[in-house]
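Assemble the whole structure, with the sequences as input and the hints as a guide.
Listed below are the residues making up each chain.
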Amino acid sequence: MADDVLFEFLHMEMVSHIYKDQASRGEMDKDRATCVSTLEGMGFRVGQGLIERFTKDSPSFKDDLDVMKFICKDFWINVFRKQIDNLRTNHQGTYVLQDNKFALLTQFSNGKQYLEEAPKYLAYSCGLVRGALSNLGMDCVVTAEVSLMPSCKFQVVIQKI
Amino acid sequence: MSRQSNRTTDSKKMNAELFTLTYGALVTQLCKDYENDEEVNKQLDKILSFTLQMDKVVLALSASDVSHQPTPHGGYNIGVRLIEDFLARSSVGRCQDFRETADVIAKVAFKMYLGITPSVTNWSPAGDEFSLILESNPLVDFVELPDNHSSLVYSNLLCGVLRGALEMVQMAVEVKFSQDTLRGDNVTEIRMKFIKRMEENLPAGDE
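Each protein sequence line maps, in turn, to chains A and P. All residue numbers for the first sequence refer to our numbering, where the first residue is 1 and numbers rise by one. All residue numbers for the second sequence refer to our numbering, where the first residue is 1 and numbers rise by one.
The reader is advised that the hints may include incorrect statements.
[Claimed, not checked] Simulated DEER-style distance windows between Cβ atoms: (1) Glu84/P / Ser37/A: 31 to 39 Å; (2) Glu84/P / Lys112/A: 25 to 33 Å; (3) Asn186/P / Gln107/A: 35 to 43 Å; (4) Ser91/P / Gly137/A: 45 to 53 Å; (5) Thr143/A / Ser90/P: 36 to 44 Å; (6) Lys82/A / Pro125/P: 49 to 57 Å.
[Stated by the list, open to error] Which residues of chain A face chain P? A partial, calculated answer using Cβ under 10 Å: (7) Asp4; (8) Leu6; (9) Phe7; (10) His17; (11) Gly43; (12) Val79.
Hints listed in this document are in silico derivations from the structure and should not be mistaken for laboratory results. Computed from a predicted structure; not experimentally measured. Glycine included, C-beta positions come from ideal geometry on N, C-alpha and C.
Structure (structure tokens):
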């Protein structure tokens, strides 16, 4: 079946293409925000689709924490080939998922080099998580932060309407 | 957790689906960005000439002295990386001729990355052209082409890939789809034609 590496390459090229594309479309001051939201949007749709395929045969989740644990274990293993290393929550709708060796960042650097470039490569994954949670009934905002590669933290804040 | 059941066997399948879905999202985004299908086809080819490098092909052909300009960035980049990955994982040595190249592409590389083994058929009398017949195309697993995109070559990625790949081994080839299940044919057929052997180039430094 499709090798993991295929997805990694495709992802790299996707990010590079979106940025190059935006830059060459005349408006030089097209800011990163648009690129990031384009990537995040793509991740969102894919996340929605993936989670549907993945959980169609499983029983429903007990509560939000159960969902997050599922994301940390099964979902992460399937998409990024390992589990989340650390899950923290304030029990009031905010969760922080820490991955010490994030699959899409391992090829980058082992420290602080290229730190500014990292967010581009995390946008798609944030979208993936947001899409997955959205189809499980949880509307949320997902952001990512990196201080030392390849470790990164995803912050999920559940939107209570 | 009672959900553990058959996760590990599914994980390979999930990876394939992740790739397929991501590719679908990319194509959709491109369709939104560009006006017509021709442009999208070009972009796909450019971005995604991912290479299945077959290692240097030793052919008894007179080397041409055309200095070949490498194809622009995107596709080339994926290709170069993928080739290294391919070489690291497989122990394919030098291919002796185009036929062997075709076999390696079909049986080793396609199997390794996409999990399918296309058949190699329709050799031209001169032995420089052949077809890869794919019974199923994993890229189009959940895809239907709407009417207004009937000229979109959805899987153009594969053409760019193969073309870029073989360029890395100093073979210029022409790759195109002659049949596509998305457009109503029974199978997907990729036609590959050997153009010429290229001079060994210094690594491209012209980004």
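Do the hints match the structure? See the list:
1. About 33 Å separates the C-beta atoms of Glu84/P and Ser37/A, a value consistent with the hinted range of 31 to 39 Å.
2. The given range of 25 to 33 Å is respected by Glu84/P and Lys112/A, whose C-beta atoms sit roughly 26 Å from each other.
3. In this structure, Asn186/P and Gln107/A meet the distance hint of 35 to 43 Å, their C-beta atoms being roughly 40 Å apart.
4. The supplied range of 45 to 53 Å is met by Ser91/P and Gly137/A, whose beta-carbon atoms lie about 49 Å from each other.
5. Evaluation of the 36 to 44 Å hint for Thr143/A and Ser90/P yields a pass: the beta carbon distance comes to about 40 Å.
6. Distance hint check: the CB atoms of Lys82/A and Pro125/P are about 52 Å apart, consistent with the given range 49 to 57 Å.
7. Hint on Asp4/A holds. Least Cβ distance to chain P is approximately 6 Å, under the 10 Å limit.
8. Because the smallest distance between the Cβ of Leu6/A and any Cβ of chain P comes to about 5 Å, under 10 Å, the interface hint for this residue holds.
9. Interface restraint check: Phe7/A against chain P, minimum CB-CB distance 5 Å, threshold 10 Å, status holds.
10. Below 10 Å, beta-carbon pairs count as interface contacts, and His17/A has one with chain P at about 5 Å; its hint therefore holds.
11. Hint status for Gly43/A relative to chain P: holds, with the closest Cβ pair at about 8 Å, below 10 Å.
12. Given the 10 Å rule on beta carbons, the hint for Val79/A holds: about 6 Å separates it from the nearest Cβ of chain P.
Consistency with the previously given hints is maintained throughout, with no hint failing.
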